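J.: Chains as they are written, first to last, in the numbering used here: chain A, 9 to 310; chain B, 9 to 310; chain C, 9 to 310; chain D, 9 to 310; chain E, 9 to 310; chain F, 9 to 310.
It is worth saying that the hints were derived from the structure and are not from the lab.
Incorrect hints may have been included.
For identical chains, the list gives no copy identity; a pair is met inside one copy or between any two copies.
[Claimed, not checked] Below, simulated EDC-like cross-link-like pairs (lysine to aspartate or glutamate); rule was C-alpha separation at most 20 Å, straight line:
id, residue 1, residue 2
1, Lys128, Asp147
2, Lys97, Glu151
3, Lys128, Asp164
4, Lys169, Glu82
5, Lys129, Asp100
6, Lys89, Glu151
7, Lys152, Glu82
8, Lys152, Asp164
9, Lys188, Asp69
10, Lys152, Glu94
11, Lys12, Glu22
12, Lys195, Asp69
13, Lys169, Asp205
The structure presented is a predicted model; accordingly, all values stated were derived computationally and were not measured.
There are 6 protein chains.
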Amino acid sequence: MNRKFECFIGCDKEYECADIVLFGAPFDGTTSYRPGTRFAGKAIRSESNGIETYSPYQGKDLSEFPIFDGGDLELPFGNTKRVLSEIEKYTDRILTDNKLPVMIGGEHLVTLGAVRAAIKKYPGLHIIQFDAHADLRDDFLGEKFSHATVMRRIWDISGDKKIYQFGIRSGDGYEFEFAKSHTIMHKFSLEGLKNIDAGLNSEPVYFSLDLDVLDPSVLPGTGTPEAGGIQFCELLQAVLSLKKFNIIGCDINELSPGYDQSGVSTAVACKILRELLIVLGTKVNTNRPRTWGRTESSHPPQ
Amino acid sequence: MNRKFECFIGCDKEYECADIVLFGAPFDGTTSYRPGTRFAGKAIRSESNGIETYSPYQGKDLSEFPIFDGGDLELPFGNTKRVLSEIEKYTDRILTDNKLPVMIGGEHLVTLGAVRAAIKKYPGLHIIQFDAHADLRDDFLGEKFSHATVMRRIWDISGDKKIYQFGIRSGDGYEFEFAKSHTIMHKFSLEGLKNIDAGLNSEPVYFSLDLDVLDPSVLPGTGTPEAGGIQFCELLQAVLSLKKFNIIGCDINELSPGYDQSGVSTAVACKILRELLIVLGTKVNTNRPRTWGRTESSHPPQ
Amino acid sequence: MNRKFECFIGCDKEYECADIVLFGAPFDGTTSYRPGTRFAGKAIRSESNGIETYSPYQGKDLSEFPIFDGGDLELPFGNTKRVLSEIEKYTDRILTDNKLPVMIGGEHLVTLGAVRAAIKKYPGLHIIQFDAHADLRDDFLGEKFSHATVMRRIWDISGDKKIYQFGIRSGDGYEFEFAKSHTIMHKFSLEGLKNIDAGLNSEPVYFSLDLDVLDPSVLPGTGTPEAGGIQFCELLQAVLSLKKFNIIGCDINELSPGYDQSGVSTAVACKILRELLIVLGTKVNTNRPRTWGRTESSHPPQ
Amino acid sequence: MNRKFECFIGCDKEYECADIVLFGAPFDGTTSYRPGTRFAGKAIRSESNGIETYSPYQGKDLSEFPIFDGGDLELPFGNTKRVLSEIEKYTDRILTDNKLPVMIGGEHLVTLGAVRAAIKKYPGLHIIQFDAHADLRDDFLGEKFSHATVMRRIWDISGDKKIYQFGIRSGDGYEFEFAKSHTIMHKFSLEGLKNIDAGLNSEPVYFSLDLDVLDPSVLPGTGTPEAGGIQFCELLQAVLSLKKFNIIGCDINELSPGYDQSGVSTAVACKILRELLIVLGTKVNTNRPRTWGRTESSHPPQ
Amino acid sequence: MNRKFECFIGCDKEYECADIVLFGAPFDGTTSYRPGTRFAGKAIRSESNGIETYSPYQGKDLSEFPIFDGGDLELPFGNTKRVLSEIEKYTDRILTDNKLPVMIGGEHLVTLGAVRAAIKKYPGLHIIQFDAHADLRDDFLGEKFSHATVMRRIWDISGDKKIYQFGIRSGDGYEFEFAKSHTIMHKFSLEGLKNIDAGLNSEPVYFSLDLDVLDPSVLPGTGTPEAGGIQFCELLQAVLSLKKFNIIGCDINELSPGYDQSGVSTAVACKILRELLIVLGTKVNTNRPRTWGRTESSHPPQ
Amino acid sequence: MNRKFECFIGCDKEYECADIVLFGAPFDGTTSYRPGTRFAGKAIRSESNGIETYSPYQGKDLSEFPIFDGGDLELPFGNTKRVLSEIEKYTDRILTDNKLPVMIGGEHLVTLGAVRAAIKKYPGLHIIQFDAHADLRDDFLGEKFSHATVMRRIWDISGDKKIYQFGIRSGDGYEFEFAKSHTIMHKFSLEGLKNIDAGLNSEPVYFSLDLDVLDPSVLPGTGTPEAGGIQFCELLQAVLSLKKFNIIGCDINELSPGYDQSGVSTAVACKILRELLIVLGTKVNTNRPRTWGRTESSHPPQ
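Kindly produce the complete structure, drawing on both the sequences and the hints.
T.: Okay, here's the thing in structure tokens:
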């Protein structure tokens, strides 16, 4: 008899033949308000059985793409630096193996670990961030590393005008001031995304999706819900439009499943992740045509 | 002293003088993912006290219509065939008595029982389905009777192009393929409803409302929430527009009240049911003018 | 060592130098359906730490305005008349001290206490009400004082055509009939607000925000959720537009935090309250320019 | 077709032939801390379907006793005096018809209404109270009528040494002082109940069961949970031992079902109520032998 | 990179070298009241990470025993007969391979499938049942196969006086009557277990643990909570005492994790399961000494 | 008008005249399983209004003792070392001012900060720990500082046989082995406490109460519930018996209020804390008689 293994629905291919590697970074150690994002990876995998692998939006089936789900990393709670370094190391390996990393947070700070790895390989890296919060503080209660400072830390290594921020509707006055000179911020909506393809579409881009960009009515299960966000269909359209960019890595973060006992927030995250993976899988497939077959063991878990 | 009896608000008339008969089919035995729709009828009746009988949308009061609420059927858990047969039998009696059946599910499979009865009386029956899911699988884990196959089973008896599907945004690739030749499917929205009156409005129509057609932000309390659905006002407008059809029976299903502890999902279901009943009551009243009076016992329960 | 004190984020100024006085009226004694609004003040203060003091919509920071938060009144449960009289007395004092009262309910009936005080000072007072429910019943189960009769009781003292009602989508037939002759009712939306500035903008206005005007998907945490409401952004725009009126007092009521375990409803209330306070603070500042300084003790609580 | 009616399981006899009349008093208007007991009657009736009518402890079946369930009274929220007067009136009628009233609260204050009626018929009435709280305050925040003063108000009309208090483990110092001279208080447990039969067993006794006498682990669903209470089996034994007393009326109060989402608290209340009703039914049957038959309509609701 | 696999903590050995095979039977299709036991297997595996593998009660570590966790069976919802047959088939194979089956329900009816397989191999099989409910009805709402009839169906094949029932505190009068002649029933507690070793300890015994035998304060997460149950330590002692019997198969059922949002019920089930597995593992080890080694892949999942 | 301040009920005295200083350490950064203890201090203060200040167990009133509640410390999430150092610093100051520190956790690791300060002042310090878990690991996932290693870290500074552990029922084999030589461990219950007074009662003792020593039925609101714990009354008796020791500091930790939506866990913590404070207050009063008066500002918050 075989053992059951855990994966996001349809992402049951072997590492070796995978183009895309999904993994979880269950860390919420700097969360200032309500922790719980550490459970997101587990919840997303488990609840993914409630959706289909087929996307009627893209007319494609997720199970047709070579994706490996490596499960959640085992991270040392209470040691922020080691956490970031383990994420960096894991992402590094995926990139070195010429695969595309897709990380499930965890709080937003986990993005820093992945971007550090990405920027080593792609020094001119651009970052597209969908988020309710600017995350541009220089420190939070004296700490440099926090989910409230993550974009500032990324700016430290990416430099000016490399971070494209969309949907931002919360921050202190200094963050909005900082954004004027140092990032490219589109407040309140994702509208501006349409107009940035020209410059970016040949550049390597890291995409970071903080799910609290969604209106809390759509995704109540997050640590710092911020009213006035975007609807699901706006996010879906934006994610579908990402195919015009050269995404080399991405993450989806800040789902805190325990705050939404209906399970809807997790279902929303699953559906967006499916669409994102199909977008990425299609692109990868087109860019790097190569042969691969479903392996013997590539059947969905029973 | 009188006993209190249970009914949906305002639906307190005697069976004999009723034009419309409301009843519950508390079955969730084939639900693949999260059961609980069995509690919908009870919850809807109980929470209906939180809304008014008057509709400001239609300028009419539900309590003015002769509607009998027969409560929930007592169904044998664990025996799907007997369940369907009891629903069929009960619907049959209502139709034989020239009344209009309105069933509260239960999972979507209960529709099959009611449609079997309806199609006996109206052999050319059309079905209008609002739903997030196509429900067109031929079997589910080897079972022919399931809430994931219900529309396929109805197609078995209705034949091609009799099922009008709206709002569909989930299914496997084969279901969408099947729909192309055998049903009339409008994906993602209810928009298409506007354009189908010409052909249908003299034909007998059964209307089946799977509440998960609503966006999960509006109705989180359902077994398989599917992001990207319609808003309440779109559903309300669509329900109001049903007056142009010759509805001979209908149901409202897949509310699973336990998954939404705020009670909002049940409140949404109550309001839609009130509007639907007033639409039907008005139509019936117009079509078959006849005398009836509020009976002695028709006061609302204290 | 100093004691910690409780206040809405940024509202930490001393009473003496404050232009605006925030206070809670934790009463839900006439709530017919689901009680719990008594906990709103406490929840709003506590959860306000989850939002920023800075508004990116208005480009201003709440902490710059001289606002005192007096905490919740201590009200005698079970004695509706004494409750109303204590609210009136407290509001009276604030108005006498030439400050602007902002009350956090409690159920909607608390508005009556505040309006009684306001109408003594401003006899021709107009009232702007955002609400899902007309609240125009003459009595409820024989009781004259209830959250279902509050606007009728206010009409008793304000007279005809002084109450502007927006967003109303629930009531019995008599209430809608009554509104035709006695109030100015805009059903379903806040649209009509745009067109009433001409007549009202020099008159004293009391603004009462029943949060159930919001769609229950946005604010599930309320006692009588009523589907078909407005979205957050519509409410935000309307609140921002209030700056054209001469608001002399206001309240925000019917949040029942316990019905929304995600905390989102409270977060929504916090954000709207922040925006409302900045609107009021800006106006007061403009109208009555005067010197004030942050007092020694005006630092935010640690 | 017949309408479904609502009753506690097995209590489906007609009023006329009933020995015992069950009814609900859904009032929580003076609850100082967490309201919600108004929903107890409804919850108890609904969840009673989860238990059997047969008691293996007493070897008898509840459905064999002539008990009528009159449902919940309709009480005017916000008017404490009218509420008490309506409870008194209803209890009065039951007693006048020589039936035994069994009331489901609501908060503990409802007991005052019932005792007022009982003491008119039985002037030397004794009261047995199981409770975590002494309820002997003279006023609460200035109000004489409150669930924290109810036993003091009953003492006003019963006089000294008529109230037997068991399980008390909370109160202020003055209440415990008051009890020394005016009531018979057994702190912390129900142990003392064994020793009081001699004096009381021919006297008329009203029994009031505040469910918070139970440990909160057994019954978390109550407004003011008080650690250190009794276990279920101790309460069960005590209730079974009540058969030695001449109980002429009783109530079970302070269940607040919404605070226990597992439903266990309500299930506990249902089981105790079943046992209590069988104790009372057996006693009544023995004391007043008379003919009665199950009426035509006495079948349990489907 | 390796895939993560799912198992109960410490039960990560290969099937081939395992003495004990753990598997889930996620079926709740005949549950009359509140479904949800289908989620028990998944919850138990997931939450088992919250406990240790080491038992301070037995001084042994679960990870030292050769146990394979086969995950949940995939069962066809809505078809009770096929469900029972698949459980029987799977149990059959385990027994044929001379391993000891340990099943995680699901509702109690799943026991019938496993006992059918066991009784084929061990025709004189005895059954020890810990349960709050007798489960001896002949039918439930006309259905022969139900979690309320399971012990009656087992009696059909085991014959008289083979079923030892402990802790029973609910049933109708006929069930208790039936038990007198046909089973060996110990009401209310597990006390009697001490006295039955003499006769049974060389006979093959199947042990079925319905977790609702526990008091609902200990395990609120079950479909039909029944007050007056046993405490955790009584159950633990009873489970430890099972080592005197010749257990050839067992199950643990009726955990419904969704009804206990604290997660405590699942934690209780995990701990009892750990102790039970160590008892069984120790016995098997003693009875059938043989060599086995931890396989290469026997490390706990990361 | 005065501002409301936040404190545990009855602990409203000024710092200067206080004998005891209560404060919160809202840290849960190393929690391996389910975070949330950071909210304990806030919840305990807020819910303390649901209990009385008077103890019927001790016949004393908490409000009579000079206790200052300093609120929650502001701790830097994500930096475990700084957190411990801030706790140490704050405790240090309290001890230096000759007051007794009582800390509300937070996770159990916070005890290390307080003990570091205490051991500086009292080098031969003994520690009494009530806990379900041994907390004696040397590291957890490679981290030395964790709530699973806290007692090991304390042992690093206290040396052998200074830590008295009671109620321990979980740990790995190595921890139990370690305890044999290095601590004094009483497994499963608090029984042994009776016998240790002789040696300890003149020595300085730090008391650390991990609330998960309670059975999860009593306190479900904790991160790692461990079945088989002690009942409330056992804990209460043990706390009352602490008066024989020379307690110089203490803490109460691991309440995670969000996991128990009934609020019962917090109510249990409040009651134990009240009793503990009265025990400590009585002792301090006796040991160090001195004059103090209720200050002007010592009225309870309104």
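J.: Next step is simple, just say for each hint if it's right about the structure.
T.: Here's how the hints hold up against the structure:
1. Lys128 <-> Asp147: Neither: 24 Å inside a chain and 32 Å across chains, both beyond 20 Å.
2. Lys97 <-> Glu151: Between copies, since 18 Å is at most 20 Å while 23 Å is not.
3. Lys128 <-> Asp164: Cα proximity of Lys128 and Asp164: one copy only (14 Å, versus 41 Å across).
4. Lys169 <-> Glu82: Neither, since 34 Å and 34 Å both go past 20 Å.
5. Lys129 <-> Asp100: within (8 Å within a copy, 49 Å between copies)
6. Lys89 <-> Glu151: Both. Shortest intra-copy (12 Å) and inter-copy (12 Å) distances satisfy the 20 Å Cα cut-off.
7. Lys152 <-> Glu82: between (23 Å within a copy, 16 Å between copies)
8. Lys152 <-> Asp164: Result: close within a single copy only, 11 Å intra versus 30 Å inter.
9. Lys188 <-> Asp69: between (41 Å within a copy, 18 Å between copies)
10. Lys152 <-> Glu94: Answer is both: 18 Å inside a copy and 17 Å across each meet the 20 Å cutoff.
11. Lys12 <-> Glu22: Classified as both; 14 Å inside a copy, 12 Å across copies.
12. Lys195 <-> Asp69: Answer is between: at 17 Å across copies they meet the 20 Å cutoff, but 34 Å inside does not.
13. Lys169 <-> Asp205: within (15 Å within a copy, 43 Å between copies)
In this structure, the earlier hints numbered 1, 4 are contradicted, and the remaining ones agree with it.
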